[in-house]
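What follows is each chain in one-letter form.
2 protein chains.
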Amino acid sequence: MSHYHLACTECHESHDADVYTLACRKCSAPLEVAYSDKDVGLSPLHDPDKALTLGEGNTPVIELPRIARSLGVGAIFAKLEYANPTGSFKDRGTAVMIGVMREHGVTELVEDSSGNAGASASAYCARAGITGHIFAPATAPAAKLAQIRVYGATLHAIPGPREAATEAAEAFQKEHGFPYASHNLSPYFIEGTKLFAIEAAMQLGESLPVHVVMPVGNGSLFIGSYKGFNELVQAEQLKAVPKLHAVQSMAAMGVVAAHRGEQWTPSGKKTIAGGISSVAPPRKNEMVRVLKNSGGSGVAVEDEDIVHWQRELAEQEGVYAEPTSAAAFAGIVALVQQGVLDSKSAVLVPITGSGLKDEPPAAL
Amino acid sequence: MSHYHLACTECHESHDADVYTLACRKCSAPLEVAYSDKDVGLSPLHDPDKALTLGEGNTPVIELPRIARSLGVGAIFAKLEYANPTGSFKDRGTAVMIGVMREHGVTELVEDSSGNAGASASAYCARAGITGHIFAPATAPAAKLAQIRVYGATLHAIPGPREAATEAAEAFQKEHGFPYASHNLSPYFIEGTKLFAIEAAMQLGESLPVHVVMPVGNGSLFIGSYKGFNELVQAEQLKAVPKLHAVQSMAAMGVVAAHRGEQWTPSGKKTIAGGISSVAPPRKNEMVRVLKNSGGSGVAVEDEDIVHWQRELAEQEGVYAEPTSAAAFAGIVALVQQGVLDSKSAVLVPITGSGLKDEPPAAL
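Just so you know, the protein sequences line up as chains A and B, in that order. So for the first sequence, our numbering puts the first residue at 1; every next one is plus one. So for the second sequence, our numbering puts the first residue at 1; every next one is plus one.
One thing to keep in mind: the hints can contain errors.
As the list makes no split between identical chains, a pair holds if one copy fits it or if it spans any two.
Stated by the list, open to error - Simulated pairs of lysine to any residue, SDA-like, Cα-Cα distance not exceeding 20 Å:
hint, residue 1, residue 2
1, K50, R69
2, K50, P65
3, K26, T53
4, K50, A138
5, K344, R311
6, K270, T21
7, K26, L42
8, K270, I62
9, K50, Q316
10, K174, E32
11, K50, F77
12, K50, I67
13, K50, P60
14, K239, P60
15, K243, E163
16, K50, Q203
Don't read these hints as lab results, they were simulated from the structure.
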């Protein structure tokens, strides 16, 4: 008997835990892990002492005083997720997701990604002794495709748009019967990302800001952080969940629009911030609920502001972030303009990934 | 009155601490920091609570069981220095060196580097609000030059061989009077790298291996580790300094040769491992003494073996190291052949830098 089941995020239907079920059998909504016990940082692994690890987590937190002054807020605490083994926060989710797969005896799996998640999956597959099949757009940056390949996973480079890689992965998965280790759909991935919030709360203690500002694409860090903070509140180790603010690109702002009750359809415009370029995130409803339940605000930003803050972060503080991470800082500008943040506000921001993995734009 | 002075590493002549003196005024040998008190992890900073930091240190240690089996040793503990903020162990040394400069009121400084050290210096200069002048060969990989530039330092790209960049830096330094923050000469740099050893001993406790195998170029991590372990032994927190083994490239094996009492002159051959390509390291005598005093062995390895182990590390364990780090594993093969290591030996290895920063060779 497992210590958890998979619960539908919409209708709450319960499903036995396995590595194949990615959607509710009743209403098709995404699933989440629901534990029998209430505790902080519970893991879906049956033997956490033998957890799959490449040294992810325990990332440093540093203050960014010059950037805080430039933005007109009181303090910014940056948690440096690029210190994770493959250079992004994805490693937290991948470690748990592929760790669960290994416990279930999986020897081959399928994933699709255009960037950080694919590299992360390839590395953890190598570590777990699992053959990974990573589907990515053939047009993805050469450096990202090279990183996927370097760990020994089989790279399936698929012509056409990003969605074509997902379709090819799903078809391959059905044909061969391997589990589909989708970082957007797997309920296990979020059990890793929730540790971001739990760690930040432990590291900062009484200094934990009331405001957390994050770039939001498919939302695994956003949803995971809400879950992590909530576990702390349930265990009475934290008074309240911080306000989780979501920053999206103008080119992919479905969550922000839905939270405002507005219609939004993609214009076909692209964003430089690959991590928040998703126009149809499967966990959109969950993200809107996180905004509502935490009292957060959603804002959308332009690429030119993302590039501006990427440069400022590097030059003013020595922090070289990927454009996706820089979007959070462009978002803080908007939140100050709206009066959500002011010169007394302290803010926690994840630096989600390394600038080294994203070719710098010509403007840099 | 300072809590330390600068001592000559050869004749032990004492010099007052400043940010300009890089060689003994009596015999021209390199200097080291000598503290008035004996303690573990002492810092040359006068106010360590206000230390310059980008979150360096506290890097994870993971075991590499498959690689240990492949190499025929009992266990390998890898300390992942690529989790440092700019992707290499240099950040430990840079943080202290530039932190001391900031305490002395330095606003502009000069450094020369072809790679990791230049990027690290540029990042910490940005963080410290210091204008950095980084001299590098114009022929260095574009990605490395781009990383130096991204933090806002002034990149001086110098035509000609690596040495030309050093000469240009020294000339510029003399002309303008800025301190020369050389990671090879500054005594402060080693006060940062020694923390690698102190952390490893704390993390591993009774499991700290008797053998440490490191790639050795200009030797700041090698010399620093000896100093760190020694501080622990002096404070009776560690029984004995581990055996520190040095791995060099066949193309730059002056330390290994000197330790064997052999003559060695550069053949002009290049190595793929940029971090250990130095043919005239200024701290060569110190490195030979570390080998002798710790009971370590020196070995030299071929590029093809470096590339082989870089690939094996990535594919077998999910660890993507720069070629310089992979050289340590090629060195373990030689140490097993020589009978220095066997199937009962546990070994600590630093993964000095990230493969992401070094373009993968065509063979990968």
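For each hint, the structure was consulted:
1. K50 with R69: Cα proximity of K50 and R69: across copies only (19 Å, versus 45 Å in one copy).
2. K50 with P65: between (40 Å within a copy, 13 Å between copies)
3. K26 with T53: neither (34 Å within a copy, 52 Å between copies)
4. K50 with A138: neither (36 Å within a copy, 48 Å between copies)
5. K344 with R311: For K344 and R311, the Cα distance exceeds 20 Å both inside one copy (25 Å) and across copies (50 Å).
6. K270 with T21: Neither: 32 Å inside a copy, 53 Å across copies.
7. K26 with L42: Classified as neither: same-chain Cα gap 27 Å, cross-chain 62 Å, threshold 20 Å.
8. K270 with I62: neither (32 Å within a copy, 39 Å between copies)
9. K50 with Q316: For K50 and Q316, the Cα distance is within 20 Å only across copies (18 Å; inside one copy 41 Å).
10. K174 with E32: Intra 22 Å, inter 64 Å, cutoff 20 Å: neither.
11. K50 with F77: Answer is between; shortest inter-copy Cα gap is 16 Å, intra-copy 32 Å.
12. K50 with I67: So K50 and I67 pass the 20 Å test across copies only (18 Å; inside, 41 Å).
13. K50 with P60: Only across copies: K50 and P60 sit 16 Å apart there, 24 Å inside one copy, limit 20 Å.
14. K239 with P60: neither (23 Å within a copy, 31 Å between copies)
15. K243 with E163: neither (32 Å within a copy, 54 Å between copies)
16. K50 with Q203: between (25 Å within a copy, 18 Å between copies)
Hints 3, 4, 5, 6, 7, 8, 10, 14, 15, counting from the list given before, are not met by this structure.
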